[in-house]
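K.L.:
One-letter residues, chain by chain:
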Amino acid sequence: MLLRRLGLGAITVWLVSVIIFAGVEMLPGDACTAFLEREAKGKLLENCREDLGLNRSALTRYVDWAGSALQGDLGVSANGQKQISELVGYRLRNTLLLAFGAMVVGIPLALFLGVVAALWRDRPVDIFVSTSAIFAMTIPEFVSATLLILVFSVWLGWVPGIVLTSANAPLVEFFPEVLLPIGVLTLVMTAHILRTVRSSVIETLASDYAQMATLKGVPYWQIVFRHILPNALLPTINVVALTIAWLLGGVVVIETVFNYPGLGRMMIDSISDRDLPVTQAIALIIASVYVIVNLAADIMTMLANPRLRTVHLRQG
Amino acid sequence: MKTTLGVASTLIIMASIVVAEPSGTFRQAHEVGSGSGSSLDPISKGRVFQITEKVMSRLVRPDMEGRPSPDLAVSWSANEDATVWTLKLREGVTFHDGSTFGSEDVVYSLERVLDPEMDSPARSAIAMINTVEAIDEHTIQLTLDGSFADLPLLLMDYRLRMIPEDAGDTIATTGVGTGPFMVESFDAEGTTKLVANMDYFEGAPGVEKMEIIGITDGQARLQALLGGQIDMERGITAQQRVMLAGSDNFKVQTIPTGNWRGLIFRTDVEPFNDVRVRKALRMVADRQAMVDLVMGGGAVVACDSPVGPTDQYRAEMECPQDIEGAKALLAEAGFPDGLDIDLHVATLEPTWPVLAEVYQKHAAEAGIRINIVQVPSDGYWNEVWMQKDAVTTRWNERPADQALNEIYLSTAKWNESYYKDADFDAILSQARSELDFDARRALYVQAQEHLFDTAGTLIPYHVTRLVGTTARVNNLDAVENNAVRWNLITVD
Numbered sequence: 001m002l003l004r005r006l007g008l009g010a011i012t013v014w015l016v017s018v019i020i021f022a023g024v025e026m027l028p029g030d031a032c033t034a035f036l037e038r039e040a041k042g043k044l045l046e047n048c049r050e051d052l053g054l055n056r057s058a059l060t061r062y063v064d065w066a067g068s069a070l071q072g073d074l075g076v077s078a079n080g081q082k083q084i085s086e087l088v089g090y091r092l093r094n095t096l097l098l099a100f101g102a103m104v105v106g107i108p109l110a111l112f113l114g115v116v117a118a119l120w121r122d123r124p125v126d127i128f129v130s131t132s133a134i135f136a137m138t139i140p141e142f143v144s145a146t147l148l149i150l151v152f153s154v155w156l157g158w159v160p161g162i163v164l165t166s167a168n169a170p171l172v173e174f175f176p177e178v179l180l181p182i183g184v185l186t187l188v189m190t191a192h193i194l195r196t197v198r199s200s201v202i203e204t205l206a207s208d209y210a211q212m213a214t215l216k217g218v219p220y221w222q223i224v225f226r227h228i229l230p231n232a233l234l235p236t237i238n239v240v241a242l243t244i245a246w247l248l249g250g251v252v253v254i255e256t257v258f259n260y261p262g263l264g265r266m267m268i269d270s271i272s273d274r275d276l277p278v279t280q281a282i283a284l285i286i287a288s289v290y291v292i293v294n295l296a297a298d299i300m301t302m303l304a305n306p307r308l309r310t311v312h313l314r315q316g
Numbered sequence: 317m318k319t320t321l322g323v324a325s326t327l328i329i330m331a332s333i334v335v336a337e338p339s340g341t342f343r344q345a346h347e348v349g350s351g352s353g354s355s356l357d358p359i360s361k362g363r364v365f366q367i368t369e370k371v372m373s374r375l376v377r378p379d380m381e382g383r384p385s386p387d388l389a390v391s392w393s394a395n396e397d398a399t400v401w402t403l404k405l406r407e408g409v410t411f412h413d414g415s416t417f418g419s420e421d422v423v424y425s426l427e428r429v430l431d432p433e434m435d436s437p438a439r440s441a442i443a444m445i446n447t448v449e450a451i452d453e454h455t456i457q458l459t460l461d462g463s464f465a466d467l468p469l470l471l472m473d474y475r476l477r478m479i480p481e482d483a484g485d486t487i488a489t490t491g492v493g494t495g496p497f498m499v500e501s502f503d504a505e506g507t508t509k510l511v512a513n514m515d516y517f518e519g520a521p522g523v524e525k526m527e528i529i530g531i532t533d534g535q536a537r538l539q540a541l542l543g544g545q546i547d548m549e550r551g552i553t554a555q556q557r558v559m560l561a562g563s564d565n566f567k568v569q570t571i572p573t574g575n576w577r578g579l580i581f582r583t584d585v586e587p588f589n590d591v592r593v594r595k596a597l598r599m600v601a602d603r604q605a606m607v608d609l610v611m612g613g614g615a616v617v618a619c620d621s622p623v624g625p626t627d628q629y630r631a632e633m634e635c636p637q638d639i640e641g642a643k644a645l646l647a648e649a650g651f652p653d654g655l656d657i658d659l660h661v662a663t664l665e666p667t668w669p670v671l672a673e674v675y676q677k678h679a680a681e682a683g684i685r686i687n688i689v690q691v692p693s694d695g696y697w698n699e700v701w702m703q704k705d706a707v708t709t710r711w712n713e714r715p716a717d718q719a720l721n722e723i724y725l726s727t728a729k730w731n732e733s734y735y736k737d738a739d740f741d742a743i744l745s746q747a748r749s750e751l752d753f754d755a756r757r758a759l760y761v762q763a764q765e766h767l768f769d770t771a772g773t774l775i776p777y778h779v780t781r782l783v784g785t786t787a788r789v790n791n792l793d794a795v796e797n798n799a800v801r802w803n804l805i806t807v808d
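Residue numbers (the working numbering), protein chains in the order written: chain A, 1 to 316; chain B, 317 to 808.
Next comes chain A alone, as it looks inside the complex (with noise of 0.2 angstroms):
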């Protein structure tokens, strides 16, 4: 099963490679004519694509890449003439710690907010929560970071708005910078997690185990840990580890308005400047967290619920 999947995780990621590389060759344009933009005629734009290699047809490029790829080589970038792995590398570093930020807040917060939701169902504390995990849901991000910005930055002075440390600076120095891009991520995650948990524990308090406890006498906060969570929680995994993955491949729109040196806002950069070598290393990163992610998510599932456990065990 296992392994199964591992397979079907690695022809995932290799679609996604041919998709974008097919995808950033559709546009308009290469990397020298992005570079140079009106000076891109006559010799000064052959030059450039001789010194790039961007004379060979598209597939002899794709193949060559692909080959290095494979090998671990993610090669140069197109106008930097940089190792991919070295100016990947920080980026990768600095998206996890907004990822990682985002997740010790906001994965606590809301499975506590949830369960208080569901548990205090329809009473003011329940409306309170779910109205704003609503606006927190439907506001996009990048209204809510401008405003954050204008509250915190502009106004009151606490925090400072953009984010203007290096890429490749000592993770300390992004303190107190990081904190307003973490702060929008936790909304926004909060209130996409603690919904499916409030519903998820409304749905298990009504199940018959959970009635048969009550009616056999089971003290309620006893019900509530010992049978209620364990079980509604199951289904949040899953919410869970989509949402690590929406992190961890780069919050583009948030890396973006705060000027963060995070992954997302480096994809958008290397889409524009037409550098396909740095746009597939990222494109390929971010398939694979999603692919590994959702992997571990269902084994967890798996592991925690007897029942699936079986059920794949009969069918293997």
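Among these hints, one or two may not hold up.
What the hints assert, rightly or not - List of simulated lysine to aspartate or glutamate pairs, EDC-like, C-alpha gap at most 20 angstroms:
{"no.": "1", "chain 1": "A", "residue 1": "Lys82", "chain 2": "B", "residue 2": "Asp485"}
{"no.": "2", "chain 1": "B", "residue 1": "Lys704", "chain 2": "B", "residue 2": "Asp694"}
{"no.": "3", "chain 1": "B", "residue 1": "Lys643", "chain 2": "B", "residue 2": "Glu632"}
{"no.": "4", "chain 1": "A", "residue 1": "Lys41", "chain 2": "B", "residue 2": "Asp431"}
{"no.": "5", "chain 1": "B", "residue 1": "Lys704", "chain 2": "B", "residue 2": "Asp793"}
{"no.": "6", "chain 1": "B", "residue 1": "Lys704", "chain 2": "A", "residue 2": "Glu37"}
{"no.": "7", "chain 1": "A", "residue 1": "Lys41", "chain 2": "B", "residue 2": "Glu586"}
{"no.": "8", "chain 1": "B", "residue 1": "Lys729", "chain 2": "A", "residue 2": "Glu46"}
{"no.": "9", "chain 1": "B", "residue 1": "Lys729", "chain 2": "B", "residue 2": "Asp485"}
For the record, the hints were derived by calculation from the structure and aren't laboratory data.
Given the coordinates of chain A, assemble chain B onto it according to the supplied hints.
P.N.:
For chain B alone, coordinates are given in the frame of chain A:
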């Protein structure tokens, strides 16, 4: 008590010394236009000019009125027909790496620009220079391929900065020059740090450090200014100005520039190959209305001349909207019922779509039906500009001679309207060799008037630049980047 007084007076003395020393940090953003191709090589396409302008010097620089004034060259003179120019160089100047500046460095720097192998975009600006020779340690001689009376104007080009001899292979990352600031660390996409050059030939600069920060997103740059994370943002919009004007924490400078936006009708295709049609298309524009509607009043009306309002060669012309005149010209050219035009517009320049819509309304009054075609910003310069028949364009300020030659000369590489006019070419070449200033000025004016009669390019205005700074910034010259004396800035 006495000791307290003593300490206090010592402190005061120390404070007054500190005032004379460079102090504080000035921070500014740049848009990382060249991405990971960014470089400190002043003549490369990827040069980050916000850095090179502070660390390297030119031979000649513009003064506050835009006229040539000494930088690394202290004086210059030409032979009788302005084909050979002799420049005297400043003595006692050292580069940031400690080496002495001399004529060999100038020869190297200029020959590097002229070298076809270098592919420098700056080459076309000084292509008339045939040879660069060192006469002695502090004298160089430039031999041109023809007469050129305004060579010093061209040497003011923001890219023509002097680097040490044989530094070509390393300059892209070291940024060694003779400017008021030195590169401490270079990171185009992050923060580039500069420190004061205490040995700068005009004396130590006012601030101790400068940080030039890469922020690609325009909105993020404004947020950074509002939050006090950067001290200056050049080119804020009229809408953004409102946000700054209401606060004591910010100052806004208004700087007339030679930057322009315009519409091009290719002069080599039907129906624009008829000069009457071209003229009519430009007569329908109400330029003042365009300035007000598109630029919020932040522009100076132009009569289809690319020469900016502060340029000494600018022709003063009147060009009010003339709907009846345009109709008459169109009827004469065989279009009594008006005509249909597809105008290609991208959001690459945010004001283009607005300009196109205002023009659409004006043109409709004369029966010209403009169909606005939205095209992607990506690849605009390759797929649309100089390809389609009617497109939008934009240019940054250039000296009169350069603007007229690079965009309108029959043989110009960037002749975006495919304008070919032997009379116009002749006026320009005559102007270049005319040594008398007034006579030369008359010729350049004539060239602009000729364009107004015949060109296919509608230039409704020159943009006025708005520069926002934090209130702590002092002594920032209210001129374009090209002429700002960065060494004079101080911060509180």
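K.L.:
None of the hints should be skipped; say for each whether it holds.
P.N.:
To see whether the hints hold, each was checked on the structure:
no., hint, in the structure
1, A:Lys82 <-> B:Asp485, "16 angstroms, holds"
2, B:Lys704 <-> B:Asp694, "15 angstroms, holds"
3, B:Lys643 <-> B:Glu632, "26 angstroms, violated"
4, A:Lys41 <-> B:Asp431, "18 angstroms, holds"
5, B:Lys704 <-> B:Asp793, "41 angstroms, violated"
6, B:Lys704 <-> A:Glu37, "17 angstroms, holds"
7, A:Lys41 <-> B:Glu586, "25 angstroms, violated"
8, B:Lys729 <-> A:Glu46, "16 angstroms, holds"
9, B:Lys729 <-> B:Asp485, "28 angstroms, violated"
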